[in-house]
Amino acid sequence: MHTRVGRLVARRLLNAIPVILIVAVGIFVLLELAAGDAVDAYLAGTGGDAAFAERLRREWGLDRSLVVRFLAYMEAVVALDFGRSVAVSMPVLDAIGQRLPVTLLMMGSAVLLSAALGSVLGGIAALHRGRLLDGGITVVGLVLNAMPNFWLGLLFMVALVVKLEWFPPFGVASLTPPPGFLARALDVAWHLVLPVLTLALTYMALYLRLMRGAMIETAASDWVRAAEARGLPRGRIIRRHIARPALLPVVTMLGLQTGNLLGGSVVVETVFSVPGLGSLAYEAVHQRDLPLIAGILLAGTVLVIVVNLLVDLAYAWLDPRVADSRSGRP
Amino acid sequence: MTHPELSRRALLKSGSALSLAAIAGLPAAAAAQKVRTGGTLVVAADGEPRNLNPAIVASNGVFFVASKVIEPLAEMDYETGLRPLLATAWEGAPDGLSYTVRLRPNVRWHDGTPFTAGDVAFSAMEVWKPLQNLGQVVFAHLEAVETPDELTAIFRFSEPTPAQLIENAMPALTSVLPRHLYAGTDIANNPHNNSPVGTGPFRFAEHRPGEYYRLVRSSDYWNVGLPHLDEIVYRVLPDAGAKAAALETGDIHLTAFSAVPLYELERLDAIDGLTVYTTGYEGITYQLVLEINHRRPELADVRVRRAMAMAIDPAFIVDTIFLGYGATASTGPIPRVAAEFYSEDKPLVTFDPAAAEALLDEAGYPRRADGTRFTLRLRPAPWFEQTRATGDYVRQALQAVGIRVEIVTADSAGHTTAVYTDHDFDIAIGSPVYRNDPAISTTILFQGGLPAGVPFSNQYGYDEPAMNEVIAAAAHEIDREKRIALYAEFQRIAAEQLPIINLVEFTFTTVASDRVKGVSSNPRWATSSWADVWLES
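Going down the list, the sequences are from chains A and B. For the first sequence, this note's numbering assigns the number 1 to the initial residue and increments by one for each residue that follows. For the second sequence, this note's numbering assigns the number 1001 to the initial residue and increments by one for each residue that follows.
To be clear, the hints were calculated from the coordinates, so they are not data collected in a lab. Take these hints with a grain of salt, some might be off.
To be verified - Label pairs and their computed distance ranges (CB to CB):
(1) B/Ala-1354 to A/Trp-151: 43 to 53 Å
(2) A/Leu-186 to B/Asp-1424: 49 to 59 Å
(3) B/Gly-1038 to A/Leu-160: 27 to 37 Å
(4) A/Leu-132 to B/Glu-1385: 46 to 56 Å
(5) B/Glu-1385 to A/Leu-186: 52 to 62 Å
Heads up, the beta-carbon is just placed ideally off N, CA and C, and yes, glycines get one too.
All chains should be modelled from the sequences, with the hints used to inform the complete structure.
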C-alpha cells in the first residue's frame, strides 16, 4: 500500500515538472511583454530622481540583459529558491510561508463545506425529484452560483458586519487574541466564517447538480433494484447503494475545482482583508514582482497536484474497483 | 463649489478645541486640560511599504508609519511655519555655502544610545545625498558635514544652496538615522529599514505582514509628557469598502490619505461619532495636471495648449469629481496654499469653449467634415479614482471643441513607463506633489534636458531657455526675496506657455472617530509624529 502511494506521488510530481517549467517561462514572457518593470511600479508610489531609479534597477538586477535575467530566473525556479521578493522585501519562500496557512485553512474549509452542503442538498433534491423541494434547492443553488462571489461577500459585509455586527470586518484574528488554544482557534474560526461561507456558497451549486444527477442515475441501476429485491432497509440502500457511488463525480470535481477556488480566494481575501496567498498574489502582480509571482504560482501548482492526489486516494476508498485495478489484482 | 459649511460643521461636530485652535491659529493650551493618556489608536493602512526608512524613501506611504518612529530636524507648523524637532535652531551663512544646525540635547535613540551631531552628519552624507529618492534636489552640492561639538552640525556646500530651500525641505527630507546601527553596513538593505529605530515618540514593535504594524509609546521621549497614546496599530486594509465598514463598526478609529472613497464621505460624515477632515495635508498638496507631449506638432503650438486649457472647466472637476472635498481650481504650478511663493501676477486662462474653438481655428486646425480637428491619445494616471475620472471628463471636454480623444489605460508600472520613459502618449492626467518648496518636486516638471525614465518630471519634450534659466537661477539664489521673485517669474512663464496645464489642487481627507483628538493639527499631519494625538475614553 505504502509503495503504491509512494509511486503515485512520485509519478504525479514528475508529471508536474514540465507543467511548472512551461508556466514559469510563460510568466516571464508575459511580464516582459508588459510595459514597465518593478522599479516603475515602485516609483509610481514613491517618486524618485534618476539616481534613485538607477540604483534600484542595479540592486534588483533589472539593469541586466534579457537573457541574463531569464537564465537567473529559471535557475531560481529550478532550484526552488526564488530569491528575494522586491515587493515585500523578504525571501519569496518566507513570504509564501507566512500567507499559505491562512489560505489553506480558508480554502480547505470552503472546499469541504461546499462539497458537503452540495452533496447533502443534491441528495435531498434527488430523493424528492420533481417535487417542490427539488425545484427550490435547485433554484437557490443556481442563484448562488450565478452571483459573483465578491458581491455575495459585500452583501454579507453590509448585512452581517456593518448592520448586525455579528462578525468582525477584517483579518483572521483579533488584534489581541484571547489566551488559550481553544479560544484562539474559535477567534480565528469566527473571523473566517464569512469568507469561507462566501466561497462555499458560490461553488456549492456545482456539487449540488452533480450529486443530484448521479443519485438519480444510480437509483435506477440494477444493483439498487437487486438491493430492494433483497428487502434491505430504505435508509441503507440510499446510503450504501445510491449515495456512495454517486459521490464519485463529486470527488473528481473537488480536485478539478481547487484551481478555480484559488482564483476565487483572491477576490474574497480582498473583500474580507484576509492576509492570504490571494492578497499576496494581487500585490505581486501589481508590483511586477517576478520572483514572487513565480513562487506563488508554483505554490498554487503544487497545491492543485497535492489535492488531486488526495482525490485519487479518496477514489480508491470510495470505489474498491479502482484500488483493485491499481494494485494489479484481477 | 467647495463646501465651506461642511468643514465648519466637521470642526464643530468634532468638539475638539485642539483642532479648532490649530486651524484658527489660537494657542492650544486651553484645550490641554482634559487630555487622556493611554489607549491604542487603530488606523487603516493601504499597503505595506517594502522599505520603511523615510531617510531613503521620503514618500507618504513610508512617513505614514515611520514618521512616528524616526524624526526629521523640524516639522511644519500652522503658526510658526517650522517647529523645531531634533534641531533647535538653524541658520544659513550669507554666502550660501554653509548652513549651521544646533541640535536638541538629551535625546536618546530607542535603544538608549545618545543622539549626537554625528548621526546628522552620517545621515546627510551617507543617506540623504547618495540614497534618498528626492536627495539630489537639496543635497546635490553638499560636500561635508562638520561636527565641531556633539550638538552642532555645519553643512558645507560646494555651490550656494538657498537656506530657504533647506528649511522648506527639513520636514520631509531630513529624517535622521542612528549612525551606530547603519555605519559600515549595506545601508540600502539594512534590516532596520523594516524595523526602524529612531528618536520619535513611538518605537517600532512589530509588523505582521498582511495584518498590521504596531508601534508602542517610547518611555523616554525627549518631549517629556508625550506621547499621549500607548500604541498605534496600522491594520492593513487595501480594500476601500472594508475601511469604510470598519470605521462604521468602530474596529478602526481613523483613515487618512483619502482611503475612503469620496462618495462614501457624506454618508460617513452624517454618522454620529465620525468626522471628515479636509485639513492637515497642506504641506503635501497634490496637483491634478494635464501633461502634454510637445513632440506632437499640434501640441507644440502654445495656441493649441491654451485652447485645451480653455476647453476644460476646473470647477466641474472640483464639484463633480472631488464632490467639493479638499479641492480648488488651480492657476499654475505653485498652489495657493504655498503663500510664500504663490504669485497672482500672471495671465489666467478662463473656461471658454467658444474662444477655445476660435483659437484652434486660428492655429490652423479647423474642424474637418467629421467634426473633429485631430485625435489625441490620453493616458490617465491609474492610481487615484480622481485621476481616472478626470481623464473621462477631459475626453468629453476636448471632444466638445472638436479634439477627438482616445483613452489608453494601464496599471501604475505601465503608465509611468509609457509617459516618463517611452513618451508614448499625447496627453496624460498626472498628479505631481507640491512639497513645500518649488525646487523640491515642482520645477522638475518644467526643466528641460532631463534624462528619460525619471517619473514625475518633464518628459514632455518641453525645453525653453527662459524657463531653464529661471529654474537654474532660483536653485542658487540665496536671497529670499530674490528667490521668491524668480519663482514669480517661473509662474508667469508657466502661465504664458502652458507646457502642462494645472487643473486642480487637492489635498486628502481624513475620516476619524470623534474620540481621536488632535487630528489635522499641522500641515503634514498624517505624516507627522502624532506625539500630541490622544484618544478619548
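We went through each hint and held it up to the structure:
1. B/Ala-1354 to A/Trp-151: 43 to 53 Å: Since the Cβ atoms of B/Ala-1354 and A/Trp-151 sit about 46 Å apart, the hinted range of 43 to 53 Å holds.
2. A/Leu-186 to B/Asp-1424: 49 to 59 Å: For A/Leu-186 and B/Asp-1424 the Cβ distance comes to about 54 Å; the hint holds.
3. B/Gly-1038 to A/Leu-160: 27 to 37 Å: holds (32 Å)
4. A/Leu-132 to B/Glu-1385: 46 to 56 Å: Roughly 47 Å apart at Cβ, these two residues keep to the hinted range, so it holds.
5. B/Glu-1385 to A/Leu-186: 52 to 62 Å: Between B/Glu-1385 and A/Leu-186, where Cβ atoms are some 38 Å apart, the hint is violated.
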